[in-house]
Amino acid sequence: MDVCTFHTRTYGKHNQTLYVFEPTWDSFRPIKKVGWDGKKFSTDDSLKSNLFSPFYGFESLEQKVFCRELAETTELQGREITDPTEFWKWAGLTDASWFRDRPCVFLTECSPKNWHEYLKYTGSRGKTLRRRIPSGRVTRRLIRK
1 MDVCTFHTRT YGKHNQTLYV FEPTWDSFRP IKKVGWDGKK FSTDDSLKSN LFSPFYGFES
61 LEQKVFCREL AETTELQGRE ITDPTEFWKW AGLTDASWFR DRPCVFLTEC SPKNWHEYLK
121 YTGSRGKTLR RRIPSGRVTR RLIRK
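Okay, so the sequence shown: first residue is 1 according to the numbering used here, each after it adds one.
Do not take every clue at face value.
Claimed, not checked - In silico SDA-like cross-links for lysine to any residue, where the CA-CA straight-line distance does not exceed 25 Å:
| id | residue 1 | residue 2 |
| --- | --- | --- |
| 1 | 48 | 5 |
| 2 | 39 | 116 |
| 3 | 33 | 110 |
| 4 | 33 | 121 |
| 5 | 13 | 82 |
| 6 | 40 | 20 |
| 7 | 39 | 54 |
| 8 | 48 | 63 |
| 9 | 113 | 68 |
| 10 | 40 | 79 |
| 11 | 64 | 90 |
| 12 | 64 | 111 |
| 13 | 32 | 1 |
| 14 | 13 | 68 |
| 15 | 13 | 70 |
| 16 | 32 | 18 |
| 17 | 39 | 126 |
| 18 | 40 | 126 |
| 19 | 120 | 74 |
| 20 | 89 | 21 |
Said to hold, decoys possible - Derived DEER-like restraints, expressed as beta-carbon distance ranges:
| id | residue 1 | residue 2 | range |
| --- | --- | --- | --- |
| 21 | 123 | 59 | 31 to 41 Å |
| 22 | 79 | 120 | 19 to 29 Å |
| 23 | 144 | 39 | 46 to 56 Å |
| 24 | 32 | 65 | 14 to 24 Å |
Hints listed in this document are in silico derivations from the structure and should not be mistaken for laboratory results.
Backbone N, C-alpha and C fix where the C-beta goes; we use that ideal spot for every residue, glycine too.
With the sequences and hints as input, model every part of the structure.
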């Protein structure tokens with residue numbers, strides 16, 4: 001299993017299936033995607049809908065046993081990825097859409113598109129081609145040839 005850390009969570013990839021390590025369960029659990037939800041990077045919780053299911057968080061009991069075996073046999077120390085686009089390439093998520101000046105995978109279609117929250121959370125700046133004029137209002141003069 002290929003393991004990496006992205007924003008303090010440990011993710012694994014095995015046979016084109018993405019897993020997230022749940023430290024409270026001491027096990028991996030399968031997920032479909034990791035995306036921006038408007039406040040932070042989150043995982044989908046489609047398998048965590050029925051709280052009273054005996055295999056809560058998994059598709060079946062066999063998958064639950066398989067994920068426990070993965071957690072026992074896998075070294076959890078992997079490389080750390082800080083760039084979201086690099087992580088989405090590693091995870092194989094190809095449904096990125098352009099969010100201002102960079103690609104972004106949103107968790108759902110209804111996720112709020114908060115640009116300032118995204119930049120603040122990732123610790124980056126907006127990419128622009130504009131040059132800032134050092135003093136507020138400046139007139140530009142033409143230079144003679």
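Going through the hints against the structure:
A threshold of 25 Å between alpha carbons decides the hint, and for residue 48 with residue 5 the separation of about 22 Å falls inside it, so the pair holds. Simply put, residue 39 and residue 116 have alpha-carbon atoms about 10 Å apart, close enough for the 25 Å limit, and the pair holds. Between residue 33 and residue 110, the direct Cα distance comes to roughly 15 Å. Compliance with the 25 Å bound is thereby established for this hinted pair. For the proposed pair residue 33 and residue 121, the alpha carbon gap of about 19 Å is at most 25 Å, so the pair holds.
A threshold of 25 Å between alpha carbons decides the hint, and for residue 13 with residue 82 the separation of about 17 Å falls inside it, so the pair holds. Between the alpha carbons of residue 40 and residue 20 the distance comes to roughly 16 Å, so the proposed pair stays at or under 25 Å and holds. Restraint check: the Cα-Cα separation between residue 39 and residue 54 comes to about 31 Å, which exceeds 25 Å; the hinted pair is violated. Note on residue 48 and residue 63: the hinted pairing holds, with a Cα-Cα distance of about 14 Å set against a maximum of 25 Å.
For the given pair, residue 113 sits about 36 Å from residue 68 by alpha-carbon distance, which is inconsistent with the 25 Å threshold. With a CA separation close to 21 Å, the supplied pair residue 40 and residue 79 stays within the 25 Å bound. Of the supplied pair hints, the one linking residue 64 and residue 90 holds, its CA atoms being roughly 24 Å apart against a limit of 25 Å. Among the hinted pairs, residue 64 with residue 111 is inconsistent with the structure: their alpha-carbon atoms are about 30 Å apart, more than 25 Å.
Distance restraint check for residue 32 and residue 1: the Cα-Cα separation of roughly 17 Å lies within the 25 Å cut-off, and the hinted pair is therefore satisfied. Proposed proximity of residue 13 and residue 68 is supported: the alpha carbons are some 15 Å apart, at most 25 Å. Restraint check for residue 13 and residue 70: satisfied, since their Cα atoms lie roughly 11 Å apart, inside the 25 Å limit. Restraint check for residue 32 and residue 18: the C-alpha separation of about 7 Å stays at or below 25 Å, so the hint holds.
Between residue 39 and residue 126 the alpha-carbon distance is near 17 Å, which keeps this suggested pair within the 25 Å criterion. For a cut-off of 25 Å, the pair hint linking residue 40 to residue 126 stands: about 17 Å separates their Cα positions. As the CA atoms of residue 120 and residue 74 are separated by approximately 33 Å, the hinted pair breaks the 25 Å bound. For the proposed pair residue 89 and residue 21, the alpha carbon gap of about 19 Å is at most 25 Å, so the pair holds.
Checked against the hint of 31 to 41 Å, the pair residue 123 and residue 59 passes, with Cβ atoms roughly 35 Å apart. The beta-carbon spacing between residue 79 and residue 120, approximately 25 Å, falls within the hinted interval of 19 to 29 Å. Restraint check, residue 144 to residue 39: a C-beta distance of roughly 55 Å satisfies the suggested window 46 to 56 Å. Between residue 32 and residue 65 the CB atoms are about 20 Å apart, so this pair conforms to the stated range of 14 to 24 Å.
Consistency with the previously given hints fails for numbers 7, 9, 12, 19, ordered from lowest to highest.
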